[in-house]
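Enquirer: Residues per chain are reported as follows:
Number of protein chains: 2
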Amino acid sequence: MPEAGAPEPIARLVQEFSKLPGIGPKSAQRLAYHVLRASEDDARALARALTDVKEHVVLCDTCFNITVHNPCAFCDDEQRDRSLVCVVEQPLDVLVVERTGGYRGLYHVLHGSLNPIDGVGPEQLRVQELLRRVEAGGVVEVIMATNPSLEGEATSMYLQRLLQPLGVKVTRLARGLPSGADLEYMDDLTLSRALEGRQEL
Amino acid sequence: MPEAGAPEPIARLVQEFSKLPGIGPKSAQRLAYHVLRASEDDARALARALTDVKEHVVLCDTCFNITVHNPCAFCDDEQRDRSLVCVVEQPLDVLVVERTGGYRGLYHVLHGSLNPIDGVGPEQLRVQELLRRVEAGGVVEVIMATNPSLEGEATSMYLQRLLQPLGVKVTRLARGLPSGADLEYMDDLTLSRALEGRQEL
Numbered sequence: 001m002p003e004a005g006a007p008e009p010i011a012r013l014v015q016e017f018s019k020l021p022g023i024g025p026k027s028a029q030r031l032a033y034h035v036l037r038a039s040e041d042d043a044r045a046l047a048r049a050l051t052d053v054k055e056h057v058v059l060c061d062t063c064f065n066i067t068v069h070n071p072c073a074f075c076d077d078e079q080r081d082r083s084l085v086c087v088v089e090q091p092l093d094v095l096v097v098e099r100t101g102g103y104r105g106l107y108h109v110l111h112g113s114l115n116p117i118d119g120v121g122p123e124q125l126r127v128q129e130l131l132r133r134v135e136a137g138g139v140v141e142v143i144m145a146t147n148p149s150l151e152g153e154a155t156s157m158y159l160q161r162l163l164q165p166l167g168v169k170v171t172r173l174a175r176g177l178p179s180g181a182d183l184e185y186m187d188d189l190t191l192s193r194a195l196e197g198r199q200e201l
Numbered sequence: 001m002p003e004a005g006a007p008e009p010i011a012r013l014v015q016e017f018s019k020l021p022g023i024g025p026k027s028a029q030r031l032a033y034h035v036l037r038a039s040e041d042d043a044r045a046l047a048r049a050l051t052d053v054k055e056h057v058v059l060c061d062t063c064f065n066i067t068v069h070n071p072c073a074f075c076d077d078e079q080r081d082r083s084l085v086c087v088v089e090q091p092l093d094v095l096v097v098e099r100t101g102g103y104r105g106l107y108h109v110l111h112g113s114l115n116p117i118d119g120v121g122p123e124q125l126r127v128q129e130l131l132r133r134v135e136a137g138g139v140v141e142v143i144m145a146t147n148p149s150l151e152g153e154a155t156s157m158y159l160q161r162l163l164q165p166l167g168v169k170v171t172r173l174a175r176g177l178p179s180g181a182d183l184e185y186m187d188d189l190t191l192s193r194a195l196e197g198r199q200e201l
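First to last, the protein sequences are chains A and B. Residue 1 is where the first sequence starts when you use the working numbering, and the numbers rise one by one after that. Residue 1 is where the second sequence starts when you use the working numbering, and the numbers rise one by one after that.
The shape of chain A in the complex, shown without the other chains (with noise of 0.2 Å):
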């Protein structure tokens, strides 16, 4: 143990907190004492946490949003209108698309978006398995909701010529959505607005 250094399971904590978004060196320290202050419950909560959700959760089969039961509570739900697929990048956009409370359709999760430079082409994303869904038949208007970003248009309109010979109407959620910013960050009412004002591709 260097003498100016935290002891190292202390360091280890704060090397493990640092490694995710947003968590700085300072802000990674002061989680780690914030631990060793906290109860051993509270310590033991948050670990149990962290393992049980990569045991537990999986992807849904059909439309690859996370889930613990396959199919998925919006795939298995009778009352949603299967017509209507909204594609979005991340499991976390379905959440921001329901929230709105404007959507009763079906979801479709890429799990990214188009990147040559990081090297995520079509294949690193649940492209085919969108095409297949579309080709069983009873999809009749497929909603583009990727980020509004150079990679999320490209990889809509990618989908777009792949989907139109298919015979399926493509829309895309309403400019309105401010260019660069994330999808996770908009408020309801933007989003509520994109999603009533989307325009065919």
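Take these hints with a grain of salt, some might be off.
The list treats identical chains as interchangeable, and a pair is accepted whether it falls inside one copy or across any two copies.
Said to hold, decoys possible - Here are the simulated lysine to any residue pairs, SDA-like style, with alpha carbons at most 20 Å apart:
hint	residue 1	residue 2
1	Lys-169	Ser-149
2	Lys-54	Asp-42
3	Lys-169	Ser-27
4	Lys-19	Glu-40
5	Lys-54	Gly-5
6	Lys-54	Arg-44
7	Lys-54	Ala-11
8	Lys-54	Ala-38
Simulated from the structure, these hints should not be mistaken for laboratory data. Everything numeric in this text was worked out from a predicted model, so none of it was measured.
With chain A held as given, fit chain B onto it using these hints.
Expert: Same frame as chain A, now just chain B:
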């Protein structure tokens, strides 16, 4: 599972992250979904670090700093000046004073400051242990490095009244620390200056 919500294990992880200081509901959600995307190894490493900290970190019997080995590296280091004891509120404050590189004495960690509103009295802090350390002899000077807050100042004054009769010199960090600030966010230079200019109480 409520349709609009996240699957239970994720909701629980969001909830556990929210308990950490400075992590709001949005940040907690972002962190939880990051964990979902991250490797299982990373999630397990954080979970392991959390439980290890609780299992392997103890308090030094002498200075009550956190440590893996008892006595801690400071109390065990024959090179350090054993006639000097620097009193701090929290274990993290030890690291902050060490970073200045200008202190070669020992420490005493109170684990808090006097706060009657929150029900923290001298018996909740390591006050008796500090008095016994000084009574045991060998300590020439006790440096108060409590936070420059109302509670920190009150703690410092309270300890000064108890220590003075024991024939020990009691000093405190020089004014120069902006009042109301938190010790752990001070820059090294400000803290070095405050350490050099410490004044007898």
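Enquirer: Against this structure, judge whether each hint is valid.
Expert: Now for the hints, and whether the structure bears them out:
In this assembly of identical chains, the alpha carbons of Lys-169 and Ser-149 never lie at most 20 Å apart, being 22 Å within a copy and 64 Å across copies at closest. In the homo-oligomer, the alpha carbons of Lys-54 and Asp-42 lie at most 20 Å apart both inside one protomer (19 Å) and across protomers (10 Å), since each shortest distance falls under that limit. Taking the closest pair of Cα atoms, Lys-169 and Ser-27 never come within 20 Å of each other, the shortest separation being 47 Å inside a single copy and 36 Å across copies. In this homomeric assembly, Lys-19 and Glu-40 come within 20 Å of each other (Cα to Cα) only across copies, at 13 Å, whereas the closest approach inside a single copy is 22 Å.
Proximity of Lys-54 to Gly-5 under the C-alpha cut-off of 20 Å is restricted to the inter-copy arrangement: shortest distance 18 Å between copies versus 32 Å within a copy. Taking the shortest Cα distances, Lys-54 and Arg-44 sit within 20 Å of each other both inside one copy (16 Å) and across copies (9 Å). Taking identical chains as interchangeable, the C-alpha atoms of Lys-54 and Ala-11 lie at most 20 Å apart only when they sit on different chains, with a minimum of 13 Å there against 24 Å within one chain. For the homomeric pair Lys-54 and Ala-38, the shortest alpha-carbon distance between copies (9 Å) is at most 20 Å, but the shortest distance inside one copy (24 Å) is not.
The structure is inconsistent with the numbered hints 1 and 3, although it conforms to all the rest.
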